[in-house]
Amino acid sequence: MDKVIFLFLRRMRAPLLVLIAAYSIAVLGMVLIPGVDAEGRPWHMGFFHAFYFVSYMATTIGFGEIPYAFTDAQRGWTLVSIYLSVIAWLYAIGKILTLLQEPAFKRAVIEQAFARSIRRLHEPFYIVCGFGDTGSLLVRALSRRGIRAVVIDRNPDRINDLELEDLDVYVPGLCADASVSAYLTMAGLSSARCRGVVALTDDDEANLKIAITSKLLNRPLPVICRAETRDVQDNMASFGTDHIINPFDTFGDRLGLALHSPGTHLLFQWLTSVPHTPLSEPLYPPHGKWVLCGYGRFGKAVQKSLSSEGVEAVIIEADPQRTGCVGYCVVGRGTEAETLLAAGIADAVGIVAGTDNDANNLSIVMTAKELNPGLFMVARQNRHDNDSIFRAAGLNLVMHRSEIIAEDILAQLTAPLLPMFLQQARAQSNQWANELVSRISAVTGDMVPEVWTLTLNEYEAPALLHTLAEDDVYLGQVMRDLRERDHLLPCLSLMLQRGSETRLIPAEDVALRSGDRLLFCGKAGAMQRMQRALYNGNVLRYLLTGEERPDGWVWRALKVRH
Amino acid sequence: MNLEKVVFGFFIILALTLNFGFFIGEFDNPEHHNVYELFAVIVVNLIATVLKFGDRTQMGALLLATSLVADLQLLVAAVVWGYVLHISGTGLDSMAMGSIVSLAGGAMLANIVSVVLLIIETANLRR
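Protein sequence lines, in the order shown, are assigned to chains A and B. Sequence positions in the first sequence follow this note's numbering and run 1 to 562. Sequence positions in the second sequence follow this note's numbering and run 1 to 127.
Any given hint could be a false lead.
Claimed, not checked - Here are the simulated DSS-like pairs of lysine-lysine, each with C-alpha atoms no more than 25 Å apart in a straight line:
no.: 1; chain 1: A; residue 1: K289; chain 2: A; residue 2: K300
no.: 2; chain 1: A; residue 1: K289; chain 2: A; residue 2: K215
no.: 3; chain 1: A; residue 1: K106; chain 2: A; residue 2: K95
no.: 4; chain 1: A; residue 1: K523; chain 2: B; residue 2: K5
no.: 5; chain 1: A; residue 1: K215; chain 2: A; residue 2: K300
no.: 6; chain 1: B; residue 1: K5; chain 2: A; residue 2: K209
Unchecked claim - Some chain B residues well away from chain A (every beta-carbon gap over 12 Å; in silico):
no.: 7; residue: K5
no.: 8; residue: G9
no.: 9; residue: F20
no.: 10; residue: L38
no.: 11; residue: I42
no.: 12; residue: N45
no.: 13; residue: T49
no.: 14; residue: V50
no.: 15; residue: L64
no.: 16; residue: I112
no.: 17; residue: L117
Since the hints were derived computationally from the structure, they do not count as laboratory data. Glycine included, every Cβ here is placed at the ideal spot set by N, Cα and C.
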């Protein structure tokens, strides 16, 4: 607030001085110059009349010689006053208009409006730095779940996109360099309601700077970062960045998982996708010879996970010198049939098109398909706006960088227990995962389930805590429908955390204890219904005992009487 | 020497001296209080106020506040003057003059504070 007003006052100093001077000269002249009244006697205009006359003359509202007709001397002075005051007004108004157009002033007004909207944000929020493909996917998914976010991006076009975007909750955005600490602070970094910082700019250095700034200015705040090179990743980890996402490694890892145990891969896929989208089909990548086009960061990550699964991969690379695969790769782009044939596409089982050019990737896949129609096709998609053509190409698996990052972060932010669950699920057999997947699909149908975490504390489950103090409550009892307690809610408990001990797929007869943390997945709306029971003592009593007790002071009093 | 400081100090002190000049004289005697002097006080005070605009320091804020107080008092005095002369038609009797001069006296106090603040600030500079 201050900055804008002070800037305005400072710039208005000169025009105001000119106006005051013009008015006082004109008024003084009118008072000093003698006139005559109706009877021709000499008369001096008073300050009151002079100020009245000058006021309407200067603004050219109207004209009249009051209270008596002017003498020639008075008319001469009026002429001088008209030009003096009109010029003074033109100058002042011109100054105001210039000031309003000035970039520095506009910037101050925008920043002030942004800071005000952050102050008025009374709910917890996340700061998202970078509103590119990934950032917009993440913010959209967060807003669909009613979670507030604040966006900072350096590109003014993206901030305009944010303003035009039809989001469920209001998301304030500022066009600024997020790696400057002043802007992070303005976005609410040190606010008590800030729940975390997500650095998603396409510049690793900027992400690094954001992570350091956030950790220094607000240490307990979780910081999630995107990193695309190994050394930046290590650098971020060194000062305690809570979660670092390397989209290439994550994808390579997932592909390896799909080769190793398709059931576990499907479980991962279902639990981390954006909710309320159709469920993906299970994936069965074949074991055998794979052809890998492009040996950049993505190619290396895929090759690593393929070889750890014992799958042979032939590399095609246009620039073996730079990528460091001299000697054991086929030189070429992979978009032409010769290179693919030289790499042995005829007897391969799968192809990965992993260059950083979408057109080339599609061309590689289409050429390979003609040479060997039975191939398992994987392609890397670099740009979000190529969605439709990648979908039309009929690929088995698309590596979409922004989606991978957005899904990963969403899981981190909305269900803090999920990463731990997934880590433990990896250690289980494919058979275990298959059983769980079929249970999930039985509960949630063909849409991606919602995943949520429940902590049994005063904030999230006050009514349950109250009951727990007197009586045992079992997990199965809170997973019932509050409308009809014989019906189960369409949800599944995935994990129970009690202190340092965790239990996968807890049974329904587990007795709950205060402080437990539970991970659920289920159909849309199941979370809200469960929460109502945990908040409201009457609803919970109905779930536990089937008894609908009257409430309110009068009814309680009547009940006691009986 | 800084020309800006000279102009600034000039207007602040001139506001006080003119104010004093108007104020002095028999309290409720219209003969002793000149309307031109009141006009000059108002103009100089307004200029002094505008000169104080846009200073973000604590001292600047206080200086601006004192000036605004003086402006308010003087403008009310001028309005009273115009009212008794032209609107109510009671003329400049001793009661009207008394209230005009006491308002101007209040403005003078504010102007004194302003000058004292200016002196304190200058003394703190020590150069």
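To see whether the hints hold, each was checked on the structure:
no.	hint	result
1	K289/A to K300/A	holds, 16 Å
2	K289/A to K215/A	violated, 46 Å
3	K106/A to K95/A	holds, 15 Å
4	K523/A to K5/B	violated, 73 Å
5	K215/A to K300/A	violated, 31 Å
6	K5/B to K209/A	violated, 44 Å
7	K5	holds, 15 Å
8	G9	holds, 16 Å
9	F20	holds, 20 Å
10	L38	violated, 8 Å
11	I42	violated, 8 Å
12	N45	violated, 10 Å
13	T49	violated, 9 Å
14	V50	violated, 4 Å
15	L64	violated, 9 Å
16	I112	holds, 23 Å
17	L117	holds, 19 Å
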